[in-house]
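Asker: The chain contents come next:
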Amino acid sequence: MPDKNPDKETSRREFIIRSSKAGLLVLSTGITGYFFYDRNNSVSSLKKESITALPDFSVKEKAGKMAIVKGDDRVKTINLALKSMGGIETFINKGDRVLLKVNAAFASPPVLSATTNPVLLKEVIRLCYAAGALSVVVTDNPINDPMSCFSLTGIESAAKSCGAKIILPDESLFTQISIEGGNLIKDWPVLYKPLINADKVIGIAPLKDHHRSGASMTMKNWYGLLGGRRNIFHQDINNIIKELAVMVKPTLVILDGTTSMMSNGPTGGSLSDLKQTNTMIAGTDQVAVDAYGATLLGKRAQELAYIEKAHTAGAGNMDYRLLNPEIINTL
Amino acid sequence: MKSTVKTPTSPGYTETCLGVGVLLFLALIGTLLFLRQFKYDPSVFTSGISLYEQPGLPSSDIKPEKILSFKDMEPLSPPENFDKENLSEKINGKAELYLSAGFKSLICRRYKKHDNPDLWLETFIYDMGNIMNSFAVYSMQRREGSLDLDLTKFSYKTENAVFFVCNNYYVEIVASKPSGFLMGSMVAFSRDFIKKAGAMQGTITEINSFPTDNLDAKSIALLTANAFGFDRLSMVFTADYKSRNGKIKVFISNRENQAQAKELAKSYSEFLISLGGKTIKSDMKLEDLAIIEIMDEYEIIFTNGSFLAGIHSANVLENAKELAFILNNNLKKNSHAR
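These protein sequence lines map, in sequence, to chains A and B. With the working numbering applied, the first sequence corresponds to residues 1 to 331, in that order. With the working numbering applied, the second sequence corresponds to residues 332 to 669, in that order.
Fair warning: there could be bad hints in the mix.
[Stated by the list, open to error] Here are the simulated PhoX-like pairs of lysine-lysine, each with C-alpha atoms no more than 25 angstroms apart in a straight line:
1) A:LYS122 <-> B:LYS549
2) A:LYS275 <-> A:LYS76
3) B:LYS484 <-> A:LYS275
4) A:LYS275 <-> B:LYS508
I should point out that these hints are in silico values taken from the structure, not numbers from a laboratory. Here the structure is a predicted model, which means the values were calculated and not measured.
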């Protein structure tokens, strides 16, 4: 509003009052802005560390180890598989902090075998502690709401009952990563912080059919480490699985083919999608483990494009026979 | 003594320079923001929806609070709504199956038994836009060994789940475990849903043209795209037949008009020949007939009005010819009936 009397002089008192009002206005605006300020978002969008690789969690002297155990009792088969590979204590040292990357993708019951089996998870946690692990954490970035996924799959109760901690995929745990030579994982958010706080990483995946990639096994399990709008990678599913296999060098992977999802994966939904394939596979070569897993789905490894791609990229050996895996039959 | 501050009548040189400076600075910020938005990174700048929040409302006629209720059960989770943009946040790799079949929206909700939280189920109500699309996703996922239900013409159950088509809706109800109580609830819910959704109104006429002898009725499926590996072959109904010499697959696809059917028949024949198929001469009286031998199997392709039809991968040519003859007659009859 224009001043009616522009020549009017302002008194010192009036000046101080007006300045104080303006000051209060600025202050209140600042406080309001402070409350609306989204710290996490600004952190994730601005703090772009130039990370090109995850730590290597593999145990060098255990390279190329693999075991296949036939049986329907998961506790028995995983124990035999690990024993065949030298025992869990040859992978886990006293004081190790262990991270178990499970598949908790869907909020579905354990009976549907779309997620990591809680009985198997409990046994692996128990074995890690028995080998002297300082701590065991269980994590995944599920497709559905994380809290429901961990709870309804039975993974949360299984983990807690054995003294393991569940790490939910809080946004602050993700860091932008560009893997060397990667075309897809470029400046992409990865569930990084739980990984750098671990000494050993074990992937535990169920064996499933997958509508896009043909199968979901141990390599596809690492998809749960990705954040952001990762569904865009479904357009190039084979290459994203290959890049994940190159990115993660685990201590060990476990493929649970006790009950496999033969059709309508990865969600399934009906017990009729499942088949008792009665096989537990453990190994340090994720490509070899998946190559054998494919045969349980009635496929050849060559039919799954990502297995060949991962082999070519040097993530492992798709000819699992070359690893001379011990095959134990408990049936 | 009263001290004063003089209010100037017009801005001085310094103030003008300062004002221009501020405006230039604001213009610089605006330019930088304009340039920055071209480097938009969708992986970082998400929609702001928390991992624990539900995505936005659907474009569905179904109102969850009115339709989704189970006797002796209470909600275990709030309704979740998904559209084309975020369907994969619910069903991950299976989203493509629905998206390629005309998916519109999905509503899901979990319920548990009042006195036993281990007994719970989840409803998946897919709005596929029309009955052809809902039948497509229903038929492509049909479970072997399932039992037919009398809910609608397209409904069945397995040990722990119920699946059915009701007009534009494809519904799945999945229980946490096999249970008599849960199966009873799922079937009762399904009946209630069908009643409220307006019973079964649409029909799929192509299905009536499949010859009935030796037909495996549960095998009838609608392939929405890329049928038999040919990218131009979309919306193709298929059905399996048992014969002494193995299975025979029959197919029907209703195109927009006769000219399109003829052109597609020619194009599909050429595709098979490009893969090493060999044409076999025949005196069968079928429109645009092509019989092709490929990889020790026989393919018969013909048209009937706007229909492209035929036999896919038959072991014995005579069986395939017989079936093609009956199929052609059925198509003729059903075309006249329409």
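Asker: None of the hints should be skipped; say for each whether it holds.
Answerer: A quick look at each hint next to the structure:
For a cut-off of 25 angstroms, the pair hint linking LYS122 of chain A to LYS549 of chain B is broken: about 41 angstroms separates their Cα positions. At most 25 angstroms may separate the alpha-carbon atoms for a hinted pair to count; LYS275 of chain A and LYS76 of chain A meet this at roughly 19 angstroms. Distance restraint check for LYS484 of chain B and LYS275 of chain A: the Cα-Cα separation of roughly 28 angstroms exceeds the 25 angstroms cut-off, and the hinted pair is therefore not satisfied. Between the alpha carbons of LYS275 of chain A and LYS508 of chain B the distance comes to roughly 16 angstroms, so the proposed pair stays at or under 25 angstroms and holds.
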